[in-house]
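Peer 1: Below are the chains, spelled out letter by letter.
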Amino acid sequence: MKFRNNRVMEKYSIFIVLFVMIIICSLLNENFLSTGNITNIIKQLSVAAILAYGEMLLIVSGMLDLSAGAVLALSGVLSVSVYKSSGSLIIALLVAVIVAVVCNIINAIMVTSFKAPPFIATLAMQTVARGIALLFTKGQNILQLDNYVVFGQGNIGPIPVSIIFLIIITIIIWYLLRHTRLGRSLYAIGGNEEAAVASGINVKLNKYKVFIINGILVGIAGVLFMSRVNAGLPNGAVGYEMEGLTAAIVGGTSFSGGIGTTMGTLTGAFIIGCLNNIMNLIGIDSYVQQIVKGVIIALAVIWDIHSKTKKTTKVVLVEEKEKVVSN
Amino acid sequence: MKRKLVSVLVGISMVAALLTGCGSANGTTKTEDKGKDGYRVAYIARAQSDSFAAWLANEMMAAAEEYDDITLDVFDGQADDEKENAAIENAITSKYDAIIVQPNNGEAQRPYVEKIVAAGIVAITTNARIDGIEGASSVDADPYAQAAVNAQAALEQVPQNAKVVVLNGPSGNFHADERRKAWQAEFFDKRPDVEIVGEQIANWNKDEAVQYMEDWIISNNQIDAIISMNDNMAAGALEVVAGKEEFKDILSYGVDGTAEAMLLIEAGTMTSTCLQSAIDLAKLNLETVHKLLTGEEKQIDTDIDAPLINKENVADYVKMYKDRGLIQK
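Protein sequences appear in the order of chains V and X.
Just so we're aligned, residue 1 is where the first sequence starts under this note's numbering, counting upward by one.
Just so we're aligned, residue 1001 is where the second sequence starts under this note's numbering, counting upward by one.
Check the hints yourself; a few may be wrong.
Once the Cα atoms are required to be at most 30 Å apart in a straight line, the calculated DSS-like pairs of lysine-lysine come out as [to be verified]: (1) Lys1163/X x Lys1291/X; (2) Lys1115/X x Lys1291/X; (3) Lys1248/X x Lys1181/X; (4) Lys1083/X x Lys1115/X; (5) Lys1244/X x Lys84/V; (6) Lys1181/X x Lys1291/X; (7) Lys1163/X x Lys293/V; (8) Lys1319/X x Lys1248/X; (9) Lys84/V x Lys1319/X; (10) Lys84/V x Lys1311/X; (11) Lys84/V x Lys1322/X; (12) Lys1095/X x Lys1298/X; (13) Lys115/V x Lys11/V; (14) Lys1163/X x Lys1311/X; (15) Lys1115/X x Lys1283/X; (16) Lys138/V x Lys1244/X; (17) Lys1291/X x Lys1083/X; (18) Lys1283/X x Lys1319/X; (19) Lys1283/X x Lys1244/X; (20) Lys1311/X x Lys138/V; (21) Lys1095/X x Lys1283/X; (22) Lys1322/X x Lys1181/X; (23) Lys1163/X x Lys138/V; (24) Lys1083/X x Lys138/V; (25) Lys1322/X x Lys138/V; (26) Lys1298/X x Lys84/V; (27) Lys1181/X x Lys293/V.
The hints are simulated quantities; they were obtained by calculation from the structure and are not laboratory data.
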């Protein structure tokens, strides 16, 4: 019974953390639970959460993407630029997605065909993508976006468009990870790549697929980001890959691969989003905000390592017990 | 086979990088080689990724074209003290006649600018100046004056018992600190009735300012003015209140005179800004370096003007940006 309770706690601990946090935040500021503020929080975390899904999928399969922020900026400025010349929102959105997917296919080629570590390959892409964004815009912001802002600032009925994007993407990623062969393969690859190969999984193809999905997510995030700030910012979203990684890790994705969930990642994004929001609402100093965020990340990683160690110990104990019984 | 392919690809890319490097090696941009004996000037830019720094570098090259006896090479410090210091050392080794440094972080570059002086090379620090280096000259925009002209205008414009929010630049940045000091001395100290209901560092960034303002309007139903240390952050905060009836009379102040700020002032959304003109700064830098190189003067410390831009005179500046293609006609 105790073991079962521990499993429940382990599985739902991240949601409990968020729940407790929401209660504390609502006590700290009366406006925290207002509709306007909740909408704000979700709008603010939508870009980071979309990036976090990409990072989560990559981490689950044993990789990561350090180029997300720079590729977001590149796809965003190119999308803005295409919108200004074509006037078509659909084409602008497609351009952003295509550019980000191309960048991610290059990442995938470096990682799968040339066996470059994802850390180095995507770091190289980060520099290249940022460089192209700056070269293309000559370092200047692109202004006068007109209707392009509908993606990041518009509403469909009472719901902001960015939140609708987030909901749809969350459902798709959840379905993909839980109910498709690709999702199961990613866990297998991240858990033990050699075993995955031995069991007949096409690791290379699946890595390509996950980078392409990451590209689609980064492209959409690029459009939401630029339309939210009503400008094409070649210098924008610096370090946003860290926001995505943080949300994924806080949400229980394990850096050693094979572990991570959609709802956990979304909850991680909410924890970071609520934290940022409440610190602003109650006027906490910028420097203190950085310290608090750093502490939260450290605690999440310690929790991750601690829970894994416990699991490993349990497995070893069971295996030893079985050996004794068989002898 | 794969190894051979990799070797070939690496080889091709290295050759390509070297060939490209003829035009821009290590982030270097060269003006057209005039094939003449003249003064070689190195300009070490803070970061070509910074939109103002990029604009200034472009204007420096344009201004250098006006001088037949000056060849200007631009190097990119890439917003990194180590890289900027290395670029300064390389320029000293390459025996340039003058080196203009736009510091990433004044104190980090100070010993390297002192090395320029010690090597007998003309040294200028610009945007922002590094004070107190004997033998070095400086060309800058006075950040205190830039914020002060806005603060003085705000004294009359901001209503009694107003609630305001303040957006700061990165801490430790000379321009960010001086602009904030000016607002304190020229406005907040003289208007004790004004309450700051939110103040954060948004690092000059529009997206960070958007997020802060979104939170501030939740916790405060009255905000009378946005006081920002640059235009980018002011524009971000204004983006949040755009179209909201309760904030239709909000005042907002910035600094830099960006193209976006001109459009906002023209539309009546933003109250005022102060132009930090990269064009004027570049012209004054070239004028200064020319005077120093020709021996006309030994040391110069000078500033460009800090003109206030508001509804009355914005049309002139909109035209300036239109002429440069930074605002669509």
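Peer 1: Could you tell me which of the numbered hints above are not met by this structure, giving the numbers in increasing order?
Peer 2: Per hint list: 1, 6, 13, 16, 19, 22, 23, 26 violated.
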